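Q: Each chain, letter by letter, is given below.
There are 2 protein chains.
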Amino acid sequence: MTASQQSPAEDLGATALEHKLASTNGHANGTNGAPKPSLASLDASKLQVTLADPTLRTVPDEVAACTGTETICTDHMITASWSLANGWAAPELKPYGPLTLMPTASVLHYATECFEGLKAYRGFDGKLRLFRPDCNARRMLMSTLRISLPGFEPEELEKLILELMAVDGPKWLPKSRPGSFLYIRPAVIGTQPQLGVQAPKQALLFITASFMPKMDAPAGGMKLHTNPEDMVRAWVGGFGYAKVGANYGPSLLATQEARERGFGQILWLYGPEGYCTEAGASNFFVVWRSKEGQLQLITAPLDDKLILDGVTRRSVVELARERLQGELEVVERKYTIDELLEADKEGRIVEAFAAGTAYFICPVSHIHHRGTDVLVPTGKSGAGQYTSKLKSWISGIMYGNEQHPWGVVIEEKGNN
Amino acid sequence: MTASQQSPAEDLGATALEHKLASTNGHANGTNGAPKPSLASLDASKLQVTLADPTLRTVPDEVAACTGTETICTDHMITASWSLANGWAAPELKPYGPLTLMPTASVLHYATECFEGLKAYRGFDGKLRLFRPDCNARRMLMSTLRISLPGFEPEELEKLILELMAVDGPKWLPKSRPGSFLYIRPAVIGTQPQLGVQAPKQALLFITASFMPKMDAPAGGMKLHTNPEDMVRAWVGGFGYAKVGANYGPSLLATQEARERGFGQILWLYGPEGYCTEAGASNFFVVWRSKEGQLQLITAPLDDKLILDGVTRRSVVELARERLQGELEVVERKYTIDELLEADKEGRIVEAFAAGTAYFICPVSHIHHRGTDVLVPTGKSGAGQYTSKLKSWISGIMYGNEQHPWGVVIEEKGNN
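So the sequences go chain by chain: L and P.
First residue of the first sequence? That's 1 in my numbering, and the numbers climb one at a time after it.
First residue of the second sequence? That's 1001 in my numbering, and the numbers climb one at a time after it.
Calculated from the structure, these hints are not laboratory results.
What the simulated footprint calls covered on chain P by chain L, stretch by stretch (three residues with Cβ under 8 angstroms from a Cβ of chain L suffice, anywhere in the stretch; the number is not a length): (1) 1062 to 1075; (2) 1089 to 1100; (3) 1137 to 1151; (4) 1178 to 1191; (5) 1219 to 1232; (6) 1237 to 1246.
Here are the simulated DMTMM-like cross-link-like pairs (lysine to aspartate or glutamate), alpha carbons at most 20 angstroms apart as the crow flies: (7) 119(L) x 62(L); (8) 305(L) x 1230(P); (9) 1201(P) x 260(L); (10) 1305(P) x 229(L).
Keep in mind it's a predicted model, so treat the numbers as computed, not measured.
Cβ coordinates follow ideal geometry from the N, Cα and C atoms, glycine included.
Let's have the full structure, built from the sequences with the hints guiding it.
A: In structure tokens:
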């Protein structure tokens, strides 16, 4: 091997992702990570609009909308196709409908797919808001690159999301339903019809908006069951921190078994030490008193890249540090299930909750670990005081009770 | 929690997969693992046939067929849809064409997908054969259950594969091309249009046959680069042994980087010890002399479920034990990259090869590990004597030079 074949960094890929992230820099980049400024970038200003006939579909009752086996989407979706040869084509806003993929499409075989999840909120002040969509857009870029899909400027994705809601918000999340939300799902998939195991040379970005049930206050709280010893969700050197499909499908088997036993989600432990990581597909928080008597809000750290850098997690950490200062210490560190069991024995557990976009901030009432049950206090209202406070603050920003930079107002089109 | 809510085994899911495999038992089973004999099983005898107009597409030149960016498939494909409510619908053999999926389909978000890969061989005796298709069908069942997709009787999948080749074999793999093959790709995907993170209640099985280049004798042999320290392919408690999409997409980033440096595949190491596991998406074998001077064929073991139970791997192990007895010892055990480097320093490495359906048996000529290069002897012919012998024996069975139970002859339809 000659020196010219060798990249400067000897240890291949150790920084592959950082390399790609840096080289993306707002340009459509090839799969080799080098920017190709001649290729088209994702550009929201080029959006081509084909409106659906609004009389074709009616907005269902909120409860009925979430009871079937199919997700009900709004009138429109946004798509943008990408190819290695040409970069990003002009995005399209068009009637919601099926995608056509060849049976050989990369995504159907090799899980070349990633997604984001965020919500649009109809405020009590009548305004329509997103919550920190910049965080989702940046994470989506990181996920696409981790799974060998094309890069893009996060701001462009954010604009496209805003555009979809500007069009569909007035009808599907009307002012007559304050306190309601729609779920927005951007996704990128590898569409190249080629069975070779390789980074796809064609991809599709698509964004849908749909109904999703409120899941933040299940009767009796969320019940967690720790994962079986022979199944782990993610591992150091894996991709647990990225919102890629490959983190979800393989976890369904354990979740299904847990549900058959009356539990809602898996509390995923890591390693022989049994570090607490995530609760289902949400981040996990515990409020406890340390052995020294200090009141703490504890959650797993991001630095070993095992867990998702959740937008709700981040917001909880930031608000707790700001608004509960002096009252409660926020601790991001590795902690084990044994520490949790010990704290329970000693009566030091105060509250626990799962935090994520789907479940929002959901009180945890019960943790089962290999024959031992931890019953977590949830108070008379179904959620402890800190869980309630954090939920109320963040919810207030989402629904416009508090004007805050995290709440991004959507300029809606048409009448409402 | 009452006793009735608790399954007999306290430790949830520890045996979830075995439980599901046992309960499948030839019946369509629900996602709860319990057999539902009232639901329809996958039944090849119910195949509904809609033939394509054979004049619409012509068979391309073998080389040209593999040079584009799209996989060229044969005239037909087989599909079978499944739902939790009804089980398996009658399978269909129909013209090859696109699939239609809702943007909310499970497979596009949660990687609820798995596949198989096998080849159909046009023998030098004019017959068309599959190689151990029963192994692929059984592995596919294991993969579907691991990824929360529906079970089926493996024999029925095998019959469907045979049927597709019986129809398309005569035209697409004609007797005028002895020594050629087509690549068969069965896959199952979750199709339920529902964004909830859950086992899909609808799925689709599809089988295609296509051209794939011969990759078993790259000029100069296959060059391997060990994975970066911060990227691992699979882990104990994960799903490295199952042919699920989630094992492939996340590995593309490291593979891409390796290719840019002139290497063909990643040699995936595991754990701080650096155990050698797989070479790209193939199994990996080394022929060396032990420190005691014993000639050994060594490969990673299956028992910790890190690696795929490859059909080629299995065949190599079985044939070597049978036909190289007394000459070479077959060893399935954990071995580290340091052992490999030490053997190289001491001149004990004899040969190395990758083994899998795509690359068949492909000589490895070069292994790069963090600044150290191991140059593996490949002999004058480009492959060492044991690599050549094993390749020749297995190839002989595939192409009918040797009559052997592993070569399953397809009864072709129509003229040829």
